[in-house]
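Residue numbers (our numbering), protein chains in the order written: chain A, 1 to 110; chain B, 1 to 115.
Keep in mind that the hints were calculated from the coordinates and are not lab data. It cannot be assumed that every hint is accurate.
[What the hints assert, rightly or not] Heads up, simulated EDC-like pairs for lysine to aspartate or glutamate below, C-alpha to C-alpha not over 16 Å straight-line:
| no. | chain 1 | residue 1 | chain 2 | residue 2 |
| --- | --- | --- | --- | --- |
| 1 | B | Lys73 | B | Glu44 |
| 2 | B | Lys73 | B | Asp26 |
| 3 | A | Lys9 | B | Glu44 |
| 4 | B | Lys70 | B | Asp29 |
| 5 | B | Lys73 | B | Asp55 |
| 6 | B | Lys110 | A | Glu59 |
| 7 | B | Lys70 | B | Asp86 |
| 8 | B | Lys3 | A | Glu59 |
| 9 | B | Lys3 | B | Asp26 |
[To be verified] Calculated Cβ distances over 10 Å to all of chain A for the following chain B residues:
| no. | residue |
| --- | --- |
| 10 | Gln6 |
| 11 | Met11 |
| 12 | Thr24 |
| 13 | Asp29 |
| 14 | Gly62 |
| 15 | Phe68 |
| 16 | Lys73 |
| 17 | Ser74 |
| 18 | Asn76 |
| 19 | Ser80 |
| 20 | Ser82 |
| 21 | Ala88 |
| 22 | Arg95 |
| 23 | Asn101 |
| 24 | Lys102 |
| 25 | Ser107 |
Here a beta-carbon is modelled for each residue, glycine too, at the ideal position from N, C-alpha and C.
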Amino acid sequence: NAGVTQTPKFRILKIGQSMTLQCTQDMNHNYMYWYRQDPGMGLKLIYYSVGAGITDKGEVPNGYNVSRSTTEDFPLRLELAAPSQTSVYFCAARVNTEAFFGQGTRLTVV
Amino acid sequence: AQKITQTQPGMFVQEKEAVTLDCTYDTSDPSYGLFWYKQPSSGEMIFLIYQGSYDQQNATEGRYSLNFQKARKSANLVISASQLGDSAMYFCAMREGPNFNKFYFGSGTKLNVKP
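Could you put the whole structure together from the sequences, leaning on the hints where they help?
Quick look at the structure:
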C-alpha cells in the first residue's frame with residue numbers, strides 16, 4: 001500500500017513549456033486534491049475532484065488543468081509554464097477525517 | 001476572506017513545555033471539520049488531529065489536543081511536553097462544502113523547540 005505517489009519529485013521547466021504532474025493513489029479514495037505551496041506559505045488549493053469524471057476549481061486554478069478518468073489517477077497539467085508557477089506541488093487523497101499527501105513535486109520555471 | 005487564519009508565523013518553546021498554536025476559521029456551513037498537520041523540514045505532510053464541528057468533546061491524540069471553541073471559530077492546537085522532534089511547520093486546515101469536498105489550509109506556524 002503505497003498511499004499517494006507523485007512524480008516527478010523535481011523538475012525544471014523553461015517558460016512556455018508544458019508538463020504533467022502525475023498523482024496516483026492506491027487507497028480507493030474518492031476525494032483528491034492538488035495544492036501549491038510557495039516558499040514560507042501555506043497550501044493553496046488549485047483543483048479538486050470528488051470522484052472519477054468530476055473535477056472543480058479551487059482557490060488558484062488559473063494556468064492549470066486537471067482530469068480524473070479513474071479513481072486512482074489525478075494528473076495536473078501546466079500548459080504554458082510561467083515563473084509564477086515555481087512552487088512545490090502536493091497531491092492529496094482524502095476519505096472522511098483523514099487526508100494522505102504525496103511527497104511533493106518541486107517545480108522551477110526559468 | 002481567509003478561510004483559515006494562523007496569526008503566528010513563528011514560535012519558540014522550551015523543550016518539555018506546552019505550546020499552543022492558534023487557528024481561526026471562517027465558514028457559514030453548519031457542518032465542517034478541522035485538522036492539524038505537521039510538515040517537517042523533509043517536506044511531507046503528517047496528519048496530527050481532527051475535530052468535527054458537531055463533536056462535543058475536544059479531540060486528543062497523544063500529546064496533541066485541539067482546543068475547539070465553536071462560538072469563537074477557533075481550533076487551537078496544544079502540544080504538551082514539547083520535544084525537539086516537534087520542530088516543524090504546523091498547518092491548520094478545514095474541510096467544508098457539500099460532501100466536505102473543499103479542503104483549505106492556513107499559512108502555517110513555524111515551531112522551534114529549544115533544548
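Non-interface claim for Ala88 (chain B) versus chain A (Cβ beyond 10 Å): At about 14 Å from chain A, Ala88 (chain B) clears the 10 Å cut-off, so the statement holds.
Asp29 (chain B): least C-beta distance to chain A exceeds 10 Å? holds, 16 Å
Beyond 10 Å on every Cβ pair: is that true for Lys73 (chain B) relative to chain A? holds, 18 Å
Please verify that the nearest CB of chain A lies beyond 10 Å from Met11 (chain B)'s CB. holds, 15 Å
Take the C-alpha atoms of Lys73 (chain B) and Asp26 (chain B), compute the straight-line distance between them, and say whether it is at most 16 Å. holds, 7 Å
Please settle this one: Lys102 (chain B) was flagged as non-interface, so is its CB more than 10 Å from every CB on chain A? At roughly 7 Å from the nearest Cβ of chain A, Lys102 (chain B) sits no farther out than 10 Å, so the non-interface label is violated.
Any Cβ of chain A at or closer than 10 Å to Thr24 (chain B), or is the non-interface label fine? holds, 14 Å
So if I understand the rule, the pair passes when the alpha-carbon distance is 16 Å or less; does Lys70 (chain B) with Asp29 (chain B) pass? Holds: Lys70 (chain B) and Asp29 (chain B) sit about 12 Å apart, inside 16 Å.
May I ask you to check that Asn101 (chain B) keeps its beta-carbon over 10 Å from the closest beta-carbon of chain A? violated, 5 Å
Measuring Cβ to Cβ, find out whether Gly62 (chain B) lies farther than 10 Å from everything in chain A. Given that every Cβ of chain A is farther than 10 Å from that of Gly62 (chain B), nearest at about 16 Å, it holds.
Was Asn76 (chain B) rightly flagged as not at the interface, with every chain A Cβ beyond 10 Å? holds, 17 Å
Whether Phe68 (chain B) stays farther than 10 Å from all C-beta atoms of chain A, as the label says: holds, 14 Å
The structure is inconsistent with the numbered hints 1, 6, 7, 10, 22, 23, 24 and 25, although it conforms to all the rest.
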